[in-house]
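Sequence lines, in order, name chains A, B and C.
If you use this note's numbering, the first sequence corresponds to residues 75 to 518, in order.
If you use this note's numbering, the second sequence corresponds to residues 506 to 806, in order.
If you use this note's numbering, the third sequence corresponds to residues 35 to 309, in order.
These aren't lab readings, by the way, just hints derived from the structure by calculation.
Being a predicted model, the structure only gives us computed values, none of them experimental.
A virtual CB, placed ideally from N, CA and C, is assigned to each residue, including glycine.
A portion of the hints provided could be inaccurate.
Derived contacts from chain B toward chain C, CB cut-off under 10 Å, selection only [to be verified]:
#1 T543
#2 L595
#3 F612
#4 F620
#5 L621
#6 V628
#7 V630
#8 M685
#9 T759
So you can see what is in the structure, the chains are spelled out below.
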Amino acid sequence: MKHFRNIFLVAMISLLALSSCLTAVTEEPMQDVVEEVNLLIWDQFYRPEESAVIDILNREFEASHPGVKIEREVKVLDDLKLTVKLALSEADGPDVSQVNQGRSDMGELVKADLLLPLNDYSTKFEWATVFSTSVASRNSFTPDGKTFGQGNLYGVSPTAEVVGVFYNKGIFADNDWTVPTTFEEFETLLAEIKAADVTPISFGSLDGWNAIHEYSAIQHLLVSQDYINDLTYGVNNVSFDTAENRDAAQILVDWAEAGYFTEGFAGIGYDDSNNNFKAGEGAMTITGSWFAPELMTGTDQEFGFFLLPGFSGKPTMAIGGVGVPYSIRKTTENPDLAAEYLNWMISPRAAELWAVAGMLPAMSLPEESDVKVETDNLFGDTLFAWETINKNNAVGHYIDWATPTFYDTLVAELQKLLGGVSTPADFTAAVEVDYAKFLSEQGE
Amino acid sequence: MKPQTHRRPGESRWKGYLYLIPAFAVYLFFTLIPILETVRSSFYDWGALGKSNTWVGLENYLSLLNDSTFLKAFSNNLVFIIFYSFIPILLGLFLASLLGRFPIPGFTFFRTVLFLPQVISMVVVGVIWRWMFHPTTGPVNLFLGAIGLERLQQAWLGSFKWALPAVGSVGSWVQYGFCMVLFLAGMQRISEEYYEASSLDGANGLQQFFFITIPELKSEIGVALITTIIAALRVFDLVYATTRGGPGESTLVTGFLIYRTAILNNEIGYGAAVATVLTIVILSLSLLIRRLMTESTDEEA
Amino acid sequence: MTLQSRNLIPRYLVVLLFMLIVLIPIWGALMSAFKSNTEIASSPFSLPQTWTLDNFREAWTVGKFSIFFKNSVIVTTIVVIASVFLSTLSGYAFGQLPLPGKAILFPLMLVGYMVPFEAVVIPLYNWMGLLGLRNTYWALILPQIGLSVSFGTLWMSTFFENAPRELVDAATIDGCNRWQTLWQILWPLARPATTTLIVLIFMWTWNEFLLALVMVQTEAMRTLPVGLAFFQGKYTSNLSLMAAGAIIVALPTVLIYIIFQRFFIRGMLGGAIKG
């Protein structure tokens with residue numbers, strides 16, 4: 075049996091050697107001082123303008139909390155959506171992470187009991203004075219994760235978003251085009267721009283998701299706010315297969331057929347298309363206010379923003395709401411500290427830093443401050459739009475939150491619609507299949 | 506294949522296991538058991554993170570049959586077989602016949618370059634071709650424009666008609682050099698006498714190709730079929746890095762569907778059913794082609 | 035013969051064409067990595083007007099490719115060493131040693147060589163917490179070894195089956211035990227087979243994507259291909275930066291391929307035949 079021992083020894087030694095060198099690599103560094111606390115934060119503010127804001131806020135948080143060290147990991151949204159589910163169930167997962175709203179992300183995490191309910195902290199820090207109920211409901215679920223829009227609060231959003239139209243002021247001025255005030259005027263303008271041999275709407279649908287915004291922006295002008303609420307929160311048994319949704323799809327198809335979108339838009343990515351727009355190609359682009367910070371630096375073009383105007387005589391409702399919220403891992407060892415961090419991310423200080431960077435804050439700006447927030451610019455335009463829809467109670471929803479698979483379904487079906495392989499009626503019918511399936515499972 | 510597994514005097518008949526077990530243990534725990542577990546979970550309605558699971562029997566498989574998304578993904582894999590397998594094998598045979606019998610200057614260099622795409626990460630390949638296919642700045646459209654074929658310019662990866670062939674032809678791009686090298690290696694085995702004898706009989710180059718080269722390369726062609734068809738069924742990285750299955754579902758493949766269903770959308774049981782089907786198809790296809798190859802070799806012998 | 039020489043030029047041109055088809059995209063990426071974005075747009079394939087390493091520098095630091103590179107090196111090194119060592123032992127078992135039940139074991143090992151990672155990734159993803167592997171190198175290493183030893187065992191067993199009988203017999207007469215026969219007599223002869231196995235497992239591990247995508251969650255643990263995929267999400271329109279990243283990922287396998295070309299090609303062809 076000597077050979078056995080030989081082999082066994084070699085095997086054991088090599089395994090030991092392997093494992094010891096691996097442990098050495100993966101082990102967390104020992105904490106020297108007892109008082110020192112590391113707070114691991116995941117966020118998706120990866121664009122340089124956004125990232126800089128978070129870095130400042132983190133530094134200031136560390137300064138006001140001696141002994142606290144923030145470890146930050148920045149991810150693109152895709153990456154975050156993929157990894158956060160597993161990471162939050164781990165003891166060394168992030169203490170605080172941004173978690174995308176809606177059923178497929180936050181809903182699943184609540185269902186798996188991985189997020190800390192924030193109700194107590196909300197009372198303690200008086201978050202009700204910061205956010206309206208309608209904003210809070212976007213980050214709320216019942217504890218079983220089934221009902222969206224009510225129950226516990228699971229996240230707070232530092233930024234606000236409104237989807238509308240960015241336009242190139244230079245191109246508009248050169249051609250004497252003005253900002254339209256009704257949808258009819260908007261369509262006339264599209265035709266005029268096209269006739270002038272300029273791309274009316276810079277657009278790229280290769281990545282898929284932004285087509286949801288192009289479509290839904292139009293949809294929001296045709297449907298009622300109650301409908302959008304019911305659809306998003308899965309209540310009152312509404313259907314997706316409606317005349318309004320078909321009409322919106324028809325308008326989108328008409329625009330594509332009329333050549334109002336960038337040529338070859340189907341093969342262009344979102345960032346690509348945005349870069350072209352920033353470089354002065356295309357008169358307008360329809361996307362969210364989060365694009366503003368990028369347009370305010372590193373370009374010699376000047377841009378403005380307006381809400382996609384409503385049909386004459388009808389109110390204007392726009393897709394909007396609050397950005398991806400911060401949540402706390404249920405099993406974190408430092409829930410109080412994590413909550414303080416959340417509170418700091420939605421503080422007036424955060425609001426002013428976001429505003430200076432050109433990003434809409436979800437909270438009000440401080441009344442007194444040394445920091446001067448310019449509003450006579452693109453940021454001012456988006457702020458005005460955001461205030462308008464809030465004042466008019468016309469804040470809509472991202473419809474892809476509605477079911478766990480709605481995002482995939484909408485992306486695929488909209489690409490079919492825009493690619494001319496399906497009709498508006500096919501589109502709404504196909505999406506309704508997903509929605510009805512969800513409602514029936516929900517009812518079980 | 507005469508294994509030298511004679512026992513030495515006094516040696517335990519289980520001796521081999523001492524040497525086999527370390528490798529087999531890792532293989533068992535991280536490959537075999539997970540495969541079985543995939544099959545097992547495919548019989549469950551299995552929610553996220555192991556929270557809710559109920560036995561549903563064959564329900565996942567039955568819904569697969571009516572799931573247009575799955576059927577689309579699977580049929581896209583079949584289309585990929587044309588691009589990953591048939592086209593590269595034809596091109597490989599063609600190139601091998603040009604290079605094979607009479608070496609031309611620079612032969613080794615050609616072989617090195619043509620084989621190169623095989624060793625590059627498919628993510629890198631995807632990144633490169635996403636750029637090549639870009640509608641406005643991509644070299645493919647620029648080239649078409651430069652030679653006056655503007656009307657052929659497309660939004661390649663975003664077009665319902667062209668995305669699948671475009672991604673597929675990247676597969677051909679990766680595989681044809683491999684097939685060629687495989688066939689070249691096989692042709693070295695073919696005795697020159699066959700060709701000389703047939704020349705005397707008045708056969709031309711084309712006839713020699715069809716009646717000597719191809720039959721003699723039968724086993725290499727079989728090998729090429731197995732490897733490239735498996736590659737076509739397993740496509741994931743390339744689709745991830747170029748189209749993510751879009752536009753619509755026009756480039757959606759089974760591998761990506763498994764990832765999307767099980768990992769992103771938490772439908773573990775359903776994703777496992779898709780994975781099981783894919784595994785079964787791959788296993789049975791490889792076994793089938795192997796069987797066909799052995800049979801044809803046996804016939805010759 | 036005359037017929038063939040007459041055809042030399044057309045044959046040459048056709049082969050050259052197909053070589054260019056392979057080379058042009060790679061060449062374009064290589065050149066782009068050394069240029070500015072504006073230059074790529076105007077002339078994608080020309081040599082850079084001024085060569086710059088800025089793209090590589092930015093990818094390496096800002097893009098965190100230094101971290102991904104380190105992770106790829108760690109994972110690949112361990113997988114290669116462990117797989118080759120374990121496969122040598124198990125290949126020896128199949129090729130030379132008494133092994134009851136071989137008729138069942140052999141096809142069982144073959145399964146691992148044919149199944150895709152898709153077949154194992156779902157349970158592994160779910161079990162990571164149970165196995166204590168979540169977000170560690172082990173989560174990438176162990177499954178990769180599992181699949182690699184499957185091919186490795188088959189590959190090495192072919193070598194051991196065909197090892198010269200006389201040598202083994204002579205060694206036995208000289209009093210070598212099985213362990214000594216393996217390492218002192220056969221292992222030196224196995225150098226070509228081992229080299230081939232090393233370069234193949236190196237390439238497969240270095241390029242592996244799906245497992246690396248789902249098994250680790252933080253940037254600090256990612257390997258190069260996954261790093262590149264998410265890098266593409268952040269910098270889609272920055273072509274020169276993307277190109278630099280792509281070159282960093284591809285360069286090691288391409289270099290190893292060029293150096294060990296013979297072994298690579300033999301392995302891929304031989305490996306394919308085994309499949």
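Evaluated hints:
With a least beta-carbon distance of about 6 Å to chain C, the hint placing T543/B at the interface is held under the 10 Å criterion. At its closest, the beta carbon of L595/B sits 12 Å from a beta carbon of chain C; the interface hint therefore is violated under the 10 Å criterion. Given hint, F612/B at the interface with chain C, holds; its Cβ is 9 Å from that chain's nearest Cβ, closer than 10 Å. The beta carbon of F620/B comes within 6 Å of a beta carbon in chain C, closer than 10 Å, and the hint placing it at the interface holds.
A distance limit of 10 Å between C-beta atoms decides the matter here; for L621/B the minimum to chain C is near 6 Å, and the interface restraint holds. For V628/B, the shortest C-beta to C-beta distance to chain C is roughly 4 Å, which falls under 10 Å, so the interface hint holds. A least Cβ separation of about 8 Å between V630/B and chain C falls short of the 10 Å threshold, and the interface hint therefore holds. The interface hint given for M685/B holds, since its Cβ lies 8 Å from the closest Cβ of chain C, which is under the 10 Å cut-off.
Given hint, T759/B at the interface with chain C, holds; its Cβ is 8 Å from that chain's nearest Cβ, closer than 10 Å.
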